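Participant: Chains as they are written, first to last, in my numbering: chain A, 1 to 236; chain B, 1 to 126.
Honestly, the hints are just simulated from the structure, not real lab data. Careful: at least some of the hints might be erroneous.
[To be verified] Below, in silico cross-link-like pairs of lysine to aspartate or glutamate (EDC-like), each with a Cα-Cα straight-line distance of 16 Å or less:
#1 A:K163 / B:E43
#2 A:K212 / B:D7
#3 A:K200 / A:E226
#4 A:K171 / B:E43
#5 B:K8 / A:E215
#6 A:K132 / A:D164
#7 A:K72 / A:D103
#8 A:K173 / A:E111
#9 B:K8 / A:D164
#10 B:K8 / A:D209
#11 B:K8 / A:E222
#12 A:K200 / A:E38
#13 A:K212 / B:D6
#14 B:K4 / A:E188
#15 A:K173 / A:D103
#16 A:K217 / B:D7
#17 A:K18 / A:E202
[What the hints assert, rightly or not] Partial chain B-side listing against chain A, Cβ under 8 Å, derived:
#18 Y12
#19 A41
#20 V42
Quick caveat: nothing in here was measured; it's all calculated off a predicted structure. Backbone N, C-alpha and C define an ideal beta-carbon position, used for all residues, glycine too.
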Amino acid sequence: MSEILKIENLNYSHRLKKILQDVNLTLQSGKIVGLLGENGAGKTTLMRVITGVAHATGDITVAGETEVAARKGHVSYMDHLGAFSLGTHLDRIVKFYQTVYADFDIDRFNELAEFLNIDTSLKLSALSKGNKEKFVIALTLSRQVELYLLDEPFDGIDSMSRKDIINSIIKWKPETATIVISDHYVSEISSLLDEIVVIKDETINCHLDADKIREDKGMDIEDFYESLYERGTDND
Amino acid sequence: MILKFDDKIPIYLQIQNYLNRQIISGKILPGAQLPSVRQLAVEVTANVNTVQRALSQMIDEKIIVPQRGRGNFVTVDVELIEQLKMKLIDEQFALVYRQLHDLNFSDAEIIDKFVEYVKNRGALDE
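Can you make the complete structure from the sequences, with help from the hints?
Facilitator: Written out as structure tokens, the structure reads:
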């Protein structure tokens with residue numbers, strides 16, 4: 001096991017408002033990590049900063065690389081495809097990914113697309129919320145990188161689509177790659193996670209092994225997470 | 001999903017229990033090869049690392065035997081499987097016994113009631 005991500009003394013402000021402060025975080029390779037926090041806590045911001053789309057002060061190392069341009073080659077960040085018009089056919093988007101990312105593995109995409117029942121002859125506008133999410137996941141996981149960042153992939157989708165997506169993550173996650181999944185509703189993915197990282201009050205509140213929480217506290221992950229928000233509770 | 005997790009209990013333990021029960025009940029036979037770690041992970045909807053941890057635990061307990069390059073096999077030592085069975089029975093009885101004892105039933109009552117229960121169940125099944 002090696003270090004895949006190291007964040008040191010990271011600070012990020014937007015229009016003079018502090019979003020993230022003194023963030024320090026180290027993730028090992030081969031893990032599935034839940035990034036938890038309320039809406040607006042800074043989960044998406046942290047992912048954007050790791051990828052290099054947003055700029056912050058502090059040091060970020062991904063697979064040994066610190067420069068933004070080099071880092072980008074090691075991170076696959078889930079894009080919600082907002083830049084494509086709704087009339088775009090899915091196979092055009094796949095072509096675009098193939099052109100832009102040298103690490104995009106088309107065989108892997110085809111396997112995922114078959115598993116998730118994605119019809120790439122359709123237009124973006126023809127996709128249900130669940131099918132769009134599946135398509136986005138297939139694109140994201142088809143890049144061959146060390147770090148995958150999935151930004152709320154289960155937000156507002158039906159339970160069958162969720163199951164399919166979870167199974168595709170289990171099946172196609174490269175052994176040494178680490179996947180970070182952000183969510184504000186943890187119970188739907190808790191059995192999948194090695195570790196959880198909670199963002200609260202603009203910083204990392206805790207970073208713990210999921211089974212260790214269950215073992216030491218006899219609590220489910222959802223209850224533990226909620227306990228962090230109860231005032232006056234000592235969580236150590 | 002065949003296995004529904006209780007999120008209060010470590011997932012690796014639940015996977016271990018699930019596999020142990022399959023071995024005890026003969027659904028997986030002595031000497032049989034287990035599916036690959038990833039296949040098991042998909043089967044129970046868990047993380048590959050968590051499944052690996054459950055398997056490592058079972059390897060420590062010698063219930064499964066890894067064979068280099070070939071995967072994991074259930075032990076052919078039926079004595080060991082018998083011990084596992086006894087352990088499971090003990091655990092189940094301990095649970096029932098404690099609950100009934102907490103309700104102030106005496107040992108004799110518990111035995112009587114249990115014999116009666118099995119008899120009535122038998123009648124129901126016929």
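Participant: Tell me the hint numbers this structure goes against, listed in increasing order.
Facilitator: Hint 9 alone not satisfied by this model.
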